[in-house]
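**Q** Put the two chains together into one complex; each comes in its own frame, and the hints tell you how they fit.
Those sequence lines, one after another, are chains X and G.
Using our numbering, the letters of the first sequence correspond one by one to residues 1 to 317.
Using our numbering, the letters of the second sequence correspond one by one to residues 1 to 201.
Residues on chain G that point at chain X, a partial pick, calculated with CB under 8 angstroms:
#: 1; residue: I62
#: 2; residue: V73
#: 3; residue: T79
#: 4; residue: G103
#: 5; residue: G125
#: 6; residue: F175
#: 7; residue: I200
The set of hints was computed from the structure by calculation and includes no laboratory data.
For each residue, glycine too, the CB sits at the ideal point set by N, CA and C.
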Amino acid sequence: MTTAQHAATAKAPARGLPIEKDEAARVLTDLMAKFTGYVGKHLPQDVLDKLAELRARETQPLSRVVYDAMFDNLEKADRLDRPCCQDTGALQFFVTAGACFPLLGELKAILGDALRQATKEAPLRHNAVETFVEQNTGTNTGTGIPWVDWEIVPGDDTCTIEVYMAGGGCSLPGAARVLMPAEGYEGVTRFVFDVITSYGVNACPPLLVGVGVSTSVETAAILSKRAILRPIGTRHPDPRAARMEVLLEKGLNEVGIGPQGLSGTCSVMGVHIEASARHPSTIGVAVSVGCWSHRRGTIRIQPDLSYEVLSHKGVRL
Amino acid sequence: MKRILTTPVASEDIADLTVGDVVYLTGTLVTCRDVGHRRLIELGQALPVSLRGNAIFHAGPIVAQDGDGWRMVSVGPTTSMRMERFERQFIAETGVKVIVGKGGMGSETAAGCREGHALHCVFPGGCAVLAATQVEAIERVEWLDLGMPEALWVCRVREFGPLIVSIDTKGNNLFEINQAMFDARKARAVAAISGEVRFIT
Chain X
1 MTTAQHAATA KAPARGLPIE KDEAARVLTD LMAKFTGYVG KHLPQDVLDK LAELRARETQ
61 PLSRVVYDAM FDNLEKADRL DRPCCQDTGA LQFFVTAGAC FPLLGELKAI LGDALRQATK
121 EAPLRHNAVE TFVEQNTGTN TGTGIPWVDW EIVPGDDTCT IEVYMAGGGC SLPGAARVLM
181 PAEGYEGVTR FVFDVITSYG VNACPPLLVG VGVSTSVETA AILSKRAILR PIGTRHPDPR
241 AARMEVLLEK GLNEVGIGPQ GLSGTCSVMG VHIEASARHP STIGVAVSVG CWSHRRGTIR
301 IQPDLSYEVL SHKGVRL
Chain G
1 MKRILTTPVA SEDIADLTVG DVVYLTGTLV TCRDVGHRRL IELGQALPVS LRGNAIFHAG
61 PIVAQDGDGW RMVSVGPTTS MRMERFERQF IAETGVKVIV GKGGMGSETA AGCREGHALH
121 CVFPGGCAVL AATQVEAIER VEWLDLGMPE ALWVCRVREF GPLIVSIDTK GNNLFEINQA
181 MFDARKARAV AAISGEVRFI T
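Next up, chain G with everything else stripped away, as it sits in the complex (with noise of 0.2 angstroms):
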C-alpha cells in the first residue's frame, strides 16, 4: 500500500519512517535549489513563500507559460550535495519538513533532519517527465529574477513519487551507510585490477 504524505507535514505524520522506505507526496512542493538556499542563508533575505510543513524540491524544471500562468514540462531532481552547505540552516529557519533531491546529503544536512524533524528523500533523478505529470498546478512563482532554474516555482502536488528515505527524522544516512560499503568494496577491486595493468614494464 502507497504511504502518502500530506502538506502541512507534522513531526509525528514522518517519525516511524527509516531510510529505505518509499512515500509519496500530495501537497506543497516548491523548487528551491542553490542560489534559493544562498539567497536566505548566506544573503540573509527572507524567502517570499512560506515553508513550514512543506516541501521542497532540489531542482530546476523547464516550465511553459500557459495564458496568464505556468505548465510544468520537465521537472526532475538536482544534485542534493550542492545544498550540503546550507541544509541544515535552512530547516531550522523555515520548518521544511521534506527535501526531495538526488543523491545523498552529508552529516550536517542529517544533524539537521534530526534536529528539525525532517526527512531527506530521493526522487529517481532523470526521471523528469513523471514528476512533471504528478505536479496539478503551478500555484505561483517568486524570485524570477534567478532565471528558470532557479526561481522557487510553488506547485501542488498529487502522490508525488517514488520518494526513497535517505535520511530520516533520526538522522541516519542511507547514502552513508552505503558508502561505507562502496569503499570497502573499490579498495578490493582496485587491489585485483592493479595486478593486471602493470604495462609500463
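Just chain X, same shape as in the assembly (with noise of 0.2 angstroms):
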C-alpha cells in the first residue's frame, strides 16, 4: 500500500505517514522503546532544577549528605547508562492523541511491544506481578500494564505521550476520600497533611504533591495523578486553587520533612491540583505523589515521525 493510500485509510491531513504502516509502527515502537529507558535514567529538567535549590537550601548537615549521595547518583546513572533508580514502575503512559494520528489505533499495541523492548534493552525491572495469578511476567507487560490513559483531540494529528515511571514506595501514600461538604477546602487541607506526614514520610521526599478535586475517588485520583504531570512550578489557572498550591506548599515545607524523612528545610518539591466540577453534596479528594527521582518524560510526535522531546534538554534517541 503506498502512503498516500495510507493517508486516505487513516482519513489523515495531508501530513500522512512517509512510510507503510508497519514499518511505522516499527519505527514508533523503536522510539518509544529508546524514550522509556531515556526517562528512567534522567530526570526531566525541571526536577533536576528544583532539586538543585532545595539542595542549596538545605542546611542539617545529615540532610546535606543525602543530598550530595542524589546528585553523585545521578552523575552515575547518567555516565554508566543504568536506570537511576532500581524501581523503574508499573508502566503508565498518558496519551493526548490528535484524532488524525495516522497510528492511532495501533498505538496501544505499539506502546506494549516498546515497554517490552526497553524492559531488555534499558534494563529495566520486572515490574508486572499478575494478580491472583501471582507470577511475574517477566516481560513489565500484562493485564492493564502498561496502563494507557487516553485524551482525544478533534482535528489534531499529533502525538504527545508522557511517559511515567513510580516507584512502588511513592504509590504507597496514594489515597483518596469524599468528604461532606461541611469539611470544605479546609478537610481537603487536613487530608493532604494527614497523607504526607504519614506514608508520605518513607516515600523518598522531598515530594511532588499532586491534590485533586472532584466528585468522587477515581476522579479526583485521576486529576491528582495528572497534577503531577504539569512540570514543577506551573500554577493552577484559577487564582484560589493557584493560591492554595502555594499554601499547601509552604505549608508542608514548615513541616520539615526533609530529603528521606530525615528532617530538613523543605519537605516538598511542589503542591499541583487540578479539579473539576463537582457534585454539589460532595468534595472527592485524592493525594498522588512523586518521589524526589520523578521520573516523567515528555515526546511530542508529529505524523511523519519526527518527534521533539518537551521534558528533558539535548535528548538524542
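**A** Here's what the structure looks like:
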C-alpha cells in the first residue's frame, strides 16, 4: 500500500505517514522503547532545577549528606547509562492524541511492544505481577500494564505521550476520600497533610504532591495523578486554586520532613492541584505523590514520526 | 573519618552507635524483602543463606546475566515499613545485625533491635546506581523463583553507604522522634491554612 493510500484509509490530513504502516509502527515502537529507557535514567529538567534549589537551601548536615548522595547517584546513572532508581515502576502512558494521528489505532499495541523492548534494552526491573496468579510476567507487561490513559483531540494529527515511571514507594501513600461539603477546603487541607506527614515520610521526599478535587474517588484520583505530570512550578489557572497550591506548599515545607524523612529545611518539590466541577453534595479529594526521583518524560510526535522531547534538554534517542 | 562496619558484625562493634550516625558496610549484604520475610516467618521455610552477623537490604534490584553469573545494575532500598510485621521475629530467628532500607520502621522492629543488638539503617532512597557501584560481586542468588525483585541476591559489598542509623541497639528510633515533631508542626500549619481556604460561604 502506498503512503497516499494509507493517508486516505487513516483519514489523515495532508501530512500522512511517509512510509508503510507496519514499518512506521516499528519505527515508533523503537522510538518509544528508547525514550522509555531514557526516562528511567535521567530526570526531567524542571525536577533537576528544583532539586538543585532545595539542595542549596538545605542546612541540616545529615540531610546534606543525603542530597550529596542523590546528585552523586544521578551523575553515575548518566555516566554508566543505568536506571537511576532500581524501581522502574509499573509503566503508565498518558497519551494526548490527535484524532487524525496516523498510528492512533496501533498506538496501544506499539506502547506494549516498546515496553517489552525497553525492559530488555534499558534494562527495566520486572515489575508486572499478574494478580491472583501471583506470578511476575518478566516482561513488564500484563493485564492493564502498561496502563494507558487517553485524551483525544479532534482535528489534530500529532501525538503527545507522557511516560510515567513511579516506584512502588511513592505509589504507597496514594489515597482518596469523599468528604462532606461541611468539611470544605479545610478538610481537603487536613487530608493532604495527613497523607504527606504519615505515608509521605517514607516515600522518598522531597515529594511532588498532586491533589485532585472532584466528585468521587476515581475522578479525584486521576486528577491528582495528572497534577504531578504538570511541570514543577506551573500554577492552576484559577486564582484560589493557585493560592491554595502555594499555601499547601509553604505549610508542608514548614513541617520540615527533609530528604528521606530525616527532617530538614523542606518537604516538597511542589504542590499541584487539578480540579473538576463537582456534585454539590460531595468533595472528592485524592493525593498522588511523586518521589524526588520523579521520572516523567514528555515527547511530541508528528505524523511523519519526527519528534521533540519537551521534558528533557539535549536528548538524542 | 568513615566508620566502616565489617561482617560478621558482633554486638560490641555497634553498641556505641546512636541514631543519626553515618556508617558504611563492608562484607556480605543479602537482599531480602516482602516475600523473603513472609516465607521465613509465616510459612516457616528456612532461609537458604545464613544471616548471622550479616546484613540484609530491603531492596529489589535490577540485575544482568553476566556469563554464568550476575552483575548488579541498579539496587536501591525499598520501603522498610512493609517488613514491620515480620522484622522483630526475623532478627530473633536469623541473628542478622544490620538491616538496611528506606524510611523508618516501627516500635516492633525497634524492640527487635534492642533484643537482638541490631541496627536499622537508611540508605538514601532512589540512589540505586550509587549503591550498585558499591557491590563488588553477586556471589549467588537464592529463591529466584520469586522473580528478580524478590529473590535473595547475596552480595559482597565494599564501603556500602552512606548508611544513616535510624534504630540503634538501644531501640532509639529516629523516625519516631521525627514523627512527633512533624505532627506538632502539621497541626499548626493546617490551622493556619484552614483560615485562608474558606471558599464555601
